[in-house]
Amino acid sequence: MMQIIVQGLLLSGLYALIAMGFMLIFSIGRTLNLAYGAYIMVGGYMYFWLSQQLGMPQVIGFLGAVSVGALIGLLKHRLIVKPLKGDAVAVEIATLILALITQFALVLIFGDASKILLPLIPGVVTVAGAQVTYNILAATVMSWIIILALYAFVRGTHTGRAMQAVSMDEKGAAISGIDPDRINMITWGISGALGAAGGVFFASYTQLSPQMWLAPVIISVAIVIVGGIGSIIGTLIVAHIIGFLEITVVAVLAPELRGVLTMVLIIGVLIMRPQGLFGREEH
Amino acid sequence: MDLRPHHFILWGLFIAAMLLMPELVSKGTLRTMIFACYLAMFAISWDILSGRTGYISFGHPFLIGIGAYTTAILTRRYGFPVEASIPIAVVVTMFGGLIVLLPALRIKGSYFALVTLAVMELMLQLIPVVRPDLTAGTRGISRLPALTRGAEDGYYLAVGLMLAIALFAWLLMRTRLGTALWAIGMNEESVRGSGLSTTRLKSFAFLVSAAIAGLAGAFYAHHLGAVTPRSIFDVNLLFQIIVACLLGGQAPFLDPSLAHSSWCFCWRTCVRQSALRWSSYGHFWSQFSLRSRDRAGSLSMR
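In order, the protein sequence lines correspond to chains Y and V.
Here the numbering used here is used: the first residue of the first sequence is 1, the next is one more, and so on.
Here the numbering used here is used: the first residue of the second sequence is 1, the next is one more, and so on.
Only chain V is shown next, with the shape it has when bound in the complex (with noise of 0.2 Å):
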């Protein structure tokens, strides 16, 4: 992709604009940016894996579940302070990174789609079933330790996470081995056939792609103070991501002249997703996720 100064000033001021959220907005409209952040952190999450790759995954949640649900488990079942749990949640994401990858290595298309849906909706039945003890079944987890207080400090917080996984994003999809994982979704014959071990490639993009949803998923678990199995192994979160990608115009499939821009993506399904939310589909939202029972996540970011 050329780089333009012009796209830089863009950036820049996008930053600042974000930067300057909570002086212009109210503190209502400030929970629903920090949630557009934390999608477009899992946005990113899923791009790498499935965009790129071409690796469609209806599993996403799974990563981020075992993220939070790792966090939540460590901070208040053993008293692990949440600079070590955090960390932790990371490292275990990427094991559940791996299980993704097996199938993806024998399996592809629909199949695939398929196999990460299935993994989804056992995580949703496994979870309150195995250990009630740690994770509280479907009740979920709640009282998790905060880690900023305020809107304000949580915004803050979302955005320099969002800002320092895209900028790391796009870092990493600038070097070669970005645009051999863009080639495996192209044709992975041919990246086979010219030398490269898409097995190895493949593994890079799941365990990074796997690290990025579970360091969003642990904030994000504790961000909203509380975890439920139907809050996040949910096929409605997998919808937002997916969505989020999409309007985001960063999936091959929709238009490659857009796919080159990880910074148009990221600065799109973030402000687009927030206008989203704001307009015609925010009623639609608030009103699904209002009457909605068992949904205590979204519940307590209203």
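If we strip away everything but chain Y, and leave its shape as in the complex, we get (with noise of 0.2 Å):
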């Protein structure tokens, strides 16, 4: 019992890690970015070339891993989103192809087959009864310390409030003196630096493969929906609803049916109620 407590903890903050970089693009410009699987690939390649292949220090295999997805955050609102602008159904496809693009480009650089990323930081801990390592543990630390941060970014600085305005009504934020273009741009890039970031920790929890990002995709556009567009609790309530459900299924059920009953959930819930849990009203 408790071992399904506090697994469900550490993956539940790595969901909301994931899904909260989405949340935000999602929020802004309503746009189903798939190509974030992108972010998540590259973020963890990054991590494994430069602290595993070249053998640099940790912080600077993270960093470099953070700084290239924003980079290719940015990148993609200035040459994707923006000239496609407003027309959903291209961006979607758009960045659909975008993700597979850097899939196909991850196969020809470090090959087809998964590697195991070394451990952040090695070791176990036994957590109230239940076998821990490090790692994980170390992942999920980090995981809130950036949730937090982002939500006191959000909420405290003018440009996290910006953010919230333009993601409410982009007339009125720009007639109140804010310049929506920028404001999508660095969403666009700490949407892209977050992902990276949890697909570090992802792959450190998982493995890393060309094939790693779909699943995560598909679970966080969920948490984001199903939590809620724009709300930051209401992403961070699914993610723990999602994390649970899968470490129970794992414990008490089957490891193979992981995946499906989440999938379930997410169909029926989209289904029932597209609107989401805790979202504000649509219009």
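Keep in mind that a hint or two might mislead.
[What the hints assert, rightly or not] If you want the footprint, here are the derived chain Y segments under chain V, 3+ residues with CB under 8 Å:
(1) 92-98
(2) 253-264
[Claimed, not checked] Residues of chain V placed beyond 12 Å of chain Y at every Cβ, according to the derived structure:
(3) Ile88
(4) Ser142
(5) Arg149
(6) Leu157
(7) Ser194
[As the list claims (entries may be wrong)] Here are the simulated distance ranges between beta carbons:
(8) V:Pro87 - Y:Lys171: 50 to 58 Å
(9) V:Arg176 - Y:Arg30: 32 to 40 Å
(10) Y:Trp144 - V:Ala164: 53 to 61 Å
(11) V:Thr138 - Y:Ile109: 23 to 31 Å
(12) V:Thr138 - Y:Leu253: 12 to 20 Å
(13) Y:Leu79 - V:Ser142: 39 to 47 Å
(14) V:Ser142 - Y:Leu253: 25 to 33 Å
(15) V:Thr138 - Y:Tyr134: 31 to 39 Å
(16) Y:Tyr134 - V:Pro87: 54 to 62 Å
FYI, nobody ran anything at the bench for these hints, they're computed from the structure.
Ideal placement from N, C-alpha and C gives every residue a C-beta, glycine not left out.
Combine the two chains into a complex, taking the hints into account.
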């Protein structure tokens, strides 16, 4: 029982981090950014390349991954989202294709075999009778630090509040002197950085493979939609629901069913309650 | 769409060229062409569902996979003859189409795309778990009975099937029904406002699309000789279908002036897809599929 709670908390923190970056974009442009998977992949592989293949310190690997993620986010906003402004379907398809191109490129560079990331911090600790590796503990703690920092940023700073304003009403925000373009750009950058950071942790939790992006993307999209667009708290709650669901299924039923129930839950909620559980009213 | 004589001449030339192809090109190229034909069928099916009605489906491999798996299970596990298993596969896939239809009655846009993507992912995870004695898990079902011998016969079968489906889709889209489906993609509310039942129209589009996907999927499975979950319920297949549709210029958001010609669409899908695969993309792709582990399907094609 304790094992389930501890594991669930750890996995949920990770999901929450990955979903956060996605939530920012979705709440601003209502864009289903499927290339979010590209950040996850690139983040994981960048970290792998810098810290394991080049043997640099882990901090540099992590910073490298995050900055490349942010860079891709900015480029994507510049090259894809802005030119296709307003055409949601075209953006969706373009981002899907971008994610696949990233996947192909990574296969060409690193090969198709999955890679194991060395743990961020080696060692095992026993928390309340449950065996927990330092690695996943570190990942979760870092995720929470990043999430809290993001919350403080969105609530406390001028730029963060401007982001909220743009996500609620772009015209209104523009009238009150906010440059929506600039805010959009910043959001894409932050989202890319969050995705890449999530990718590093996710890869160290499971493993690094060119196919690793799809499931986390679907899960994070679902967390965001179910949690309600633009709601950080809702995202957190739903991330915990899904995290605990997966851990419980693995522990109680069968490990193979792990993804199955998650997908069923996602499909069910999307059909029954497309506006999400905790979201604000959409017009 | 206005039909002019030169359309027929062009199409006559195209069909003649397609039928002459085995005399002109090598066996290996022919296998690529076979894949292009199946891809064109999948693309036509996707187009009826998504390109027309505007409900972008990211889960089309779900329908193709149902068709492929149904015929695979029936022939290998229950010893059905191919003549019976393929029609059954089509019918079963149409039920699958109803599953995709359900969310489309309530949600649209990004939400629908996401649900279909989730349905595909669900299927990928479900197939190895449910009744592994039937589906053989992640290894998939192999040694399906072949319909044809040799690349040439397989090619003629694929081309014939593709032309038949293309003709059917083209005729269908010329009817008032096709126009109504088109109108749903433009503005669903005003279609409802003019007294048409959008539910009925959508069910029709989804069923036709599913039937074509099931038919093409079943034949495709027999052509490959094997189905694995990874090779069918795969984003790459979806990617190829969508790219084929985009290059074909049928999808309404690219270019409305091209949008009216189903003919043009099919031709371009086929030829450009093949051309792409032969050139840089082909190199890229062959690298990719050769390196992929459980991509038995692609490997057996090469």
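*Determine whether the Cβ-Cβ distance between V:Thr138 and Y:Tyr134 falls within the hinted range of 31 to 39 Å.*
32 Å, holds
*Can you take a look at whether the region 253-264 of chain Y is actually covered by chain V? Rule is 3+ residues, C-beta closer than 8 Å.*
holds (count 8)
*Status of the given 39 to 47 Å range, CB of V:Ser142 versus CB of Y:Leu79*: This hint holds: roughly 43 Å between Cβ atoms.
*Whether V:Arg149 stays farther than 12 Å from all C-beta atoms of chain Y, as the label says*: Consistent with the label, V:Arg149 stays out of reach of chain Y, its closest Cβ about 32 Å off (over 12 Å).
_Distance restraint evaluation - Y:Tyr134, V:Pro87, Cβ atoms, bounds 54 to 62 Å_ = 58 Å, holds
*asked:* I want to verify a distance hint. Is the separation of the beta carbons of V:Arg176 and Y:Arg30 within 32 to 40 Å?
replied: Check passed, 34 Å falls within 32 to 40 Å.
*Once the closest CB in chain Y is found, is it more than 12 Å from V:Ser194?*
24 Å, holds
_A cut-off of 12 Å on Cβ-Cβ distance, and V:Ile88 was said to be off the interface with chain Y. Does that hold?_
Holds: least Cβ distance 26 Å, greater than 12 Å.
*asked:* Using a Cβ cutoff of 8 Å, are there at least 3 residues of the region 92-98 of chain Y near chain V, or does the coverage claim fail?
replied: Our answer is that it holds, as 4 residues pass the Cβ test (under 8 Å) against chain V, meeting three.
*Would the least Cβ to Cβ distance between V:Leu157 and chain Y come out above 12 Å?*
Holds, since 30 Å exceeds 12 Å.
*Determine whether the Cβ-Cβ distance between V:Thr138 and Y:Ile109 falls within the hinted range of 23 to 31 Å.*
26 Å, holds
_Quick check for students: does the CB of V:Ser142 sit more than 12 Å from each CB in chain Y?_
It holds; V:Ser142 is separated from chain Y by about 21 Å at its closest Cβ, greater than 12 Å.
The structure shown violates none of the earlier numbered hints.
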